[in-house]
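Asks: Okay, here's what each chain looks like letter by letter:
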Amino acid sequence: MDIKKSNRKRHLDTLLTATTWTFAVLTLTALMFIVGHILINGVPHLTPSLFEMRWTTENVSMMPSILSTAMMVVITLCLVVPLGMFTSIYLVEYAKKGSRYVKVIRQATEILAGIPSIVYGLFGSLFFVNFMGLGLSLIAGALTLSIMVLPLVIRTTEEALKSVSDGFREGAFALGSGKLRVVFRIVLPSAVPGILAGVILATGRIVGETAALIFTAGTAPNIPQNLYGSVRTLAVHMWSLSGEAFHTNEAYATAVVLLLIVLIINTVAAAIAKALNSGRIK
Amino acid sequence: MNMTELKDKVDLWGTDNNSKTRTSERVAVDISYRAHDYNLAVRDCNLYYSDFQALKNVNMDIAQQEVTAFIGPSGCGKSTFLRIFNRMNDLIEGCRISGDIHIGGQDIYAKDTDVSLLRKNVGMVFQKPNPFPMSIYDNIAYAPRTFGIKKRGELDVIVERSLKQAGLWEETKDRLKKSALGLSGGQQQRLCIARALAAEPKVLLMDEPTSALDPISTGIIEDLISELKAQYTIIIVTHNMQQATRVSDKTAFFLLGEVVEYNKTIEIFSKPKDKRTENYITGRFG
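Keeping their order, the protein sequence lines are chains S and H. Counting from 1 along the first sequence, just add 177 to a position and that's the residue number in the working numbering. Take the second sequence: its position 165, counting from 1, is numbered 146 in the working numbering, and each next residue is one higher.
The hints are simulated quantities; they were obtained by calculation from the structure and are not laboratory data. Hints are supplied without guarantee of correctness; some may be wrong.
Here are the simulated BS3-like cross-link-like pairs (lysine-lysine), alpha carbons at most 30 Å apart as the crow flies [to be verified]: (1) S:Lys451 <-> H:Lys183; (2) H:Lys109 <-> S:Lys273; (3) H:Lys158 <-> H:Lys109; (4) H:Lys109 <-> H:Lys254; (5) H:Lys158 <-> S:Lys274; (6) H:Lys159 <-> S:Lys356; (7) H:Lys145 <-> H:Lys132; (8) S:Lys356 <-> S:Lys273; (9) S:Lys274 <-> H:Lys109; (10) H:Lys159 <-> H:Lys131; (11) H:Lys245 <-> S:Lys356.
Using C-beta positions, here's what the derived DEER-type ranges look like [stated by the list, open to error]: (12) S:Glu287 <-> H:Ser31: 50 to 60 Å; (13) H:Gly56 <-> S:Leu303: 51 to 61 Å; (14) S:Ile211 <-> H:His220: 55 to 65 Å; (15) S:Tyr271 <-> H:His220: 28 to 38 Å; (16) S:Pro366 <-> H:Lys154: 23 to 33 Å; (17) S:Met178 <-> H:Ile197: 57 to 67 Å; (18) S:Leu453 <-> H:Gly56: 36 to 46 Å; (19) S:Lys356 <-> H:Gly75: 13 to 23 Å; (20) H:Asp32 <-> S:Lys356: 49 to 59 Å.
Rough simulated footprint, nothing fancy, chain S against chain H, three-plus residues with beta-carbon under 8 Å [what the hints assert, rightly or not]: (21) 119 to 127; (22) 175 to 182.
The model shown is predicted, which means the values in this text are computed figures rather than measured ones. From the three backbone atoms N, C-alpha and C, an ideal C-beta is built for every residue, glycine too.
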């Protein structure tokens, strides 16, 4: 019985292993380099004056922008999550399979997902800012961003709903549940971690968005009085700083804070998902 | 109710009745003298998935408090036929059904049938154990809650009774609040049986309930079926011929959407009348 590996096979094995390792290390190096670069250039410039509640041309404080970012995220999510979630519930649970209406919605979301954000900015500027007369404002920005992240929310929620085993649905129907009860008691709770993942991704995009916001929310550096005031989110703030040439250091410091915020969002999301899961599986 | 009406309704049960013509003018029939009767009767049942005919002119009477086994090769329509009794086929797009299907004298496909209530009365256990991702307690309490029982005390009673009926109480009484997904496969399937029983059904449909289980769990569930038959009408789809002989009183052999033979289980397995049945049970095909 000859069960020895041939040389050719052995070399191929080594080659493939080496290749995967090389690329993995390359990716890791690139990521580490970016993070390291930001930290090295940014951390030394994190001064208390950057966190003062009021922005002035002297302190170029990012605190108002941090709060504006939070507001932008909350308002956008309030708009987009119900819309996206119910659309997905319709698509997965209610719509007839292969219906033309569903195809149109799917195609539209796919196209919307692929459009560069600057196009959303232009649309928001023409429609919300000018036509609807909202002006450069928090609400115009939030409306624009909710359209921008809607495809993402629909997609991830759809996937989350689809991944719920049909056995649960069958079981619930067989016990005499109506559709509504099946969807809200059985399917949605099981899909929550997946839906949450989509919401986190959406949050990430909102936090990181600049192009669409410059045209719709403007760049006013302080906290707005109301929904109709112009705001500058952290990412836009960073863009403004780096554009002004005198504030490159502060821009790096802002990047550090942005990085930290994203890290916090991800950690919190993971914790919530875990808590939800263990809450159900005690 | 005058005599002509009564005769009309009784005629629904006659085999020689041209019941096909009635499908368009269905009415819920409440025959009072059969009110406590949970016999199942199927007349001229045809079922199509789009263009494919899955059931061909099936007629069958199933007596209450008996265990009836459906056997036959994969794709012969036995599961499809099982699912007409709780209208699970309604969920499949492109599924059309004709003929008369009665349970306890009521046309379950009548326009004014509340499918939820039908499914409450006709419980089902699936091939793959499918406990919901929630606690054992909540799994059992699911159906009672659906039908409006909210009081803790009442639910506690139902949960305990159902788990005892399914022989799962001793194993789970200390962990009712734990996830049902932590149970073993056999325990999960008994949980699903308990969950179905909690709805207080009259009929229990079991679609290959032991095919995903080990022999010991299978034995436990077979014993359970024998115990439950005193209170419920049970129909079980099985690929396991020995199982059919062990648990069932009657057996129906399905082939290509038709009932080839339907008789006492002893008869079917000792002296089958049809050559095809004989071939199947002796393992020559299928």
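Asks: Please go over all the hints and tell whether each is borne out by the structure.
Replies: Verification of the hints:
About 41 Å separates the Cα atoms of S:Lys451 and H:Lys183, which puts this hinted pair outside 30 Å; it is violated. With a C-alpha separation of about 26 Å, the suggested pair H:Lys109 and S:Lys273 falls inside the 30 Å cut-off, and the hint holds. Only pairs whose Cα atoms come within 30 Å are accepted, and H:Lys158 paired with H:Lys109 is accepted, the gap being roughly 23 Å. Straight-line distance between C-alpha atoms of H:Lys109 and H:Lys254 comes to about 33 Å, which puts the hinted pair past the 30 Å bound.
Under the criterion of a C-alpha separation no larger than 30 Å, the hint pairing H:Lys158 with S:Lys274 is inconsistent with the structure, at around 38 Å. In summary, the hint linking H:Lys159 to S:Lys356 is supported, as the alpha carbons are separated by about 27 Å, within the 30 Å threshold. At roughly 20 Å between alpha-carbon atoms, H:Lys145 and H:Lys132 fall within 30 Å of each other, so this suggested pair holds. Proximity of S:Lys356 to S:Lys273 is assessed by CA-CA distance (about 14 Å); at most 30 Å being required, the pair is judged to hold.
Proposed proximity of S:Lys274 and H:Lys109 is supported: the alpha carbons are some 25 Å apart, at most 30 Å. A C-alpha spacing of about 20 Å is found between H:Lys159 and H:Lys131, which places the hinted pair at or below 30 Å, so the restraint holds. Simply put, H:Lys245 and S:Lys356 have alpha-carbon atoms about 39 Å apart, too far for the 30 Å limit, and the pair is violated. About 28 Å separates the C-beta atoms of S:Glu287 and H:Ser31, a value inconsistent with the hinted range of 50 to 60 Å.
About 58 Å separates the C-beta atoms of H:Gly56 and S:Leu303, a value consistent with the hinted range of 51 to 61 Å. The hinted window of 55 to 65 Å between S:Ile211 and H:His220 holds, with their beta carbons roughly 58 Å apart. Look at S:Tyr271 against H:His220: about 35 Å separates their beta carbons, and that is inside 28 to 38 Å. In this structure the supplied range 23 to 33 Å holds for S:Pro366 paired with H:Lys154, their Cβ-Cβ distance being about 25 Å.
Evaluation of the 57 to 67 Å hint for S:Met178 and H:Ile197 yields a failure: the beta carbon distance comes to about 39 Å. A beta carbon spacing of about 40 Å between S:Leu453 and H:Gly56 agrees with the range 36 to 46 Å that was offered as a hint. Hint check: S:Lys356 to H:Gly75, Cβ distance near 19 Å, so the stated range 13 to 23 Å holds. Judged by the Cβ atoms, the range 49 to 59 Å given for H:Asp32 and S:Lys356 is violated: they are separated by roughly 27 Å.
Counting residues of the stretch 119 to 127 of chain H whose beta carbon lies closer than 8 Å to any beta carbon of chain S gives 3, which meets the minimum of three for the stated coverage. Counting residues of the stretch 175 to 182 of chain H whose beta carbon lies closer than 8 Å to any beta carbon of chain S gives 3, which reaches the threshold of three, so the coverage claim holds.
In terms of the numbered hints stated before, the structure departs from hints 1, 4, 5, 11, 12, 17, 20, listed from lowest to highest.
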